[in-house]
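So the sequence lines, in the order shown, correspond to chains R and Y. Residue 153 in UniProt numbering sits at position 153 of the first sequence, and the numbers go up by one each step. Residue 169 in UniProt numbering sits at position 169 of the second sequence, and the numbers go up by one each step.
Check the hints yourself; a few may be wrong.
Note that the list lumps identical chains together, so a pair holds whenever it fits in one copy or between two copies.
What the hints assert, rightly or not - As a list, the in silico SDA-like pairs of lysine to any residue whose alpha-carbon atoms are at most 20 Å apart:
| # | residue 1 | residue 2 |
| --- | --- | --- |
| 1 | 185 | 145 |
| 2 | 166 | 125 |
| 3 | 185 | 199 |
| 4 | 166 | 138 |
| 5 | 185 | 141 |
| 6 | 166 | 135 |
| 7 | 185 | 137 |
| 8 | 166 | 134 |
| 9 | 166 | 92 |
| 10 | 166 | 131 |
| 11 | 100 | 25 |
| 12 | 185 | 197 |
| 13 | 100 | 68 |
| 14 | 166 | 113 |
| 15 | 166 | 143 |
| 16 | 64 | 122 |
| 17 | 185 | 146 |
Source of the hints: derived by calculation from the structure; they are not laboratory data.
Protein chains: 2
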Amino acid sequence: MTLRETKMERTRELIAEVALALFRERGYADTTVEQVAAAAEVGTRTVYRYYPTKESLVFGFYAKMLDTARRELRTHPDETPVPELLGAVLDSVVRSHQEKPEEMLAAFSLAQETPTVMAHLAHLLYTWRQDLVADIADRIGGRSVDLVAGLAVEQTATVFTLAFRKWAEDGGRADLRQLTSTTLKLLHSDAVPLPPLPH
Amino acid sequence: MTLRETKMERTRELIAEVALALFRERGYADTTVEQVAAAAEVGTRTVYRYYPTKESLVFGFYAKMLDTARRELRTHPDETPVPELLGAVLDSVVRSHQEKPEEMLAAFSLAQETPTVMAHLAHLLYTWRQDLVADIADRIGGRSVDLVAGLAVEQTATVFTLAFRKWAEDGGRADLRQLTSTTLKLLHSDAVPLPPLPH
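Looking at chain R on its own, in the form it has when it is part of the complex (with noise of 0.2 Å):
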């Protein structure tokens, strides 16, 4: 990253920071853009550069975490094994909620609040894993290659969503790590029941 680089991270990082703060404290509802940038110190316009909209403010944390967990994915050579890469982005992923707690948790109770950031988390979800399928569906090949890609990232997905949930519910106070380890084991196990084969 040049200097420039460097710089604008950190204000896109500030931003995103100072804009969950405020969130928490004052409402999502009851704070505005104007507000946002005021206690960052930055213009309205800047805000807005790097958050096109007040909802996509919540997740600043949120989006680069999805990024990185894509990028980490993508610095695999060609021939690593799938299994391995989705284990690297779930990694990616326990890592960065690991890494940030209380932002993750804050994100995610501010979208349960507000029907309009919930919507903006879901399409991020969505377009996230979309990428991901994609992504996976390069390196697999061969028949119904997005199904297969589909129901990969679909179920490393719900691996971690499960976790999550139980790691939220908890107030982020179990270990996140243990709690997919051990769903991860249980999708491994023949101890969750499928619908059966179709005849």
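For chain R, the structure is supplied; the task is to place chain Y on it using the hints.
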């Protein structure tokens, strides 16, 4: 159902039908709840009695379909194996889509166009899956029952979601049951990569 209940159910369905038709014709944003009421020849208060928000008007059939699937699950005796229950849910959802394919596609495309409608759909599906997890957990028991039930329901839902998406992309021309079967077969096969077991 009593005569009164039957009449109420018909009114509820008529309102959903009329609303979806108007939304498709004039656009979601350009249609008011008053216009829906007028077209259905009922009062605005009647519309709100059945559908508390404009968003929920989009999902009249959809919510009924989810309801039907859960009700079917509950008709099965306690000793029914859980895979069979999940199969019955999947089957019920496919059948409902085959009965009202255009309505299902229309509701989904309205959700894709309007964030608040997507948020409503996401909430509807989230609540439904949580209820299903509770239903299934009740019938499983044992250790980590919430995670096992969660994985079972999420995997079943994923099978349908992936099949539905392929079907929707194709404008509803493909055979949804066939797509669902293909996806379920893949889930049962060794073809789907998963993150490796943690050490």
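Hint by hint, here is what the structure shows:
For the identical chains of this complex, residue 185 and residue 145 are inter-copy neighbours only, at 14 Å across copies versus 25 Å inside a copy, given an alpha-carbon limit of 20 Å. In this assembly of identical chains, the alpha carbons of residue 166 and residue 125 lie at most 20 Å apart whether taken from the same copy (19 Å) or from different copies (19 Å). Taking the shortest Cα distances, residue 185 and residue 199 sit within 20 Å of each other only across copies (10 Å), while inside one copy they are farther apart (29 Å). For the homomeric pair residue 166 and residue 138, the shortest alpha-carbon distance between copies (18 Å) is at most 20 Å, but the shortest distance inside one copy (33 Å) is not.
With identical chains, the CA atoms of residue 185 and residue 141 are at most 20 Å apart between copies only, with a shortest distance of 18 Å across copies and 27 Å within one. For the identical chains of this complex, residue 166 and residue 135 are inter-copy neighbours only, at 18 Å across copies versus 29 Å inside a copy, given an alpha-carbon limit of 20 Å. Only between protomers do residue 185 and residue 137 lie at most 20 Å apart by alpha-carbon distance; the minimum there is 18 Å, versus 24 Å within a single protomer. Taking CA atoms no more than 20 Å apart as the test, residue 166 paired with residue 134 passes between copies only; the shortest distance there is 14 Å, against 29 Å inside one copy.
In the homo-oligomer, the alpha carbons of residue 166 and residue 92 lie at most 20 Å apart inside one protomer (19 Å), although the nearest pairing across protomers, at 29 Å, exceeds that limit. Taking the shortest Cα distances, residue 166 and residue 131 sit within 20 Å of each other only across copies (16 Å), while inside one copy they are farther apart (26 Å). Taking the closest pair of Cα atoms, residue 100 and residue 25 come within 20 Å of each other only inside a single copy of the chain (18 Å); across copies the shortest separation is 46 Å, beyond that limit. Taking the shortest Cα distances, residue 185 and residue 197 sit within 20 Å of each other only across copies (6 Å), while inside one copy they are farther apart (23 Å).
In the homo-oligomer, the alpha carbons of residue 100 and residue 68 lie at most 20 Å apart inside one protomer (14 Å), although the nearest pairing across protomers, at 41 Å, exceeds that limit. Taking the closest pair of Cα atoms, residue 166 and residue 113 come within 20 Å of each other only inside a single copy of the chain (18 Å); across copies the shortest separation is 32 Å, beyond that limit. Taking the shortest alpha-carbon separations for residue 166 and residue 143, only the inter-copy value of 15 Å comes in at or below 20 Å, while the best intra-copy value is 36 Å. Proximity of residue 64 to residue 122 under the C-alpha cut-off of 20 Å is restricted to the intra-copy arrangement: shortest distance 16 Å within a copy versus 23 Å between copies.
For a Cα distance limit of 20 Å, the shortest separation of residue 185 from residue 146 across copies, 14 Å, qualifies, whereas the shortest one inside one copy, 25 Å, does not.
Every hint from the earlier list agrees with this structure, and none is contradicted.
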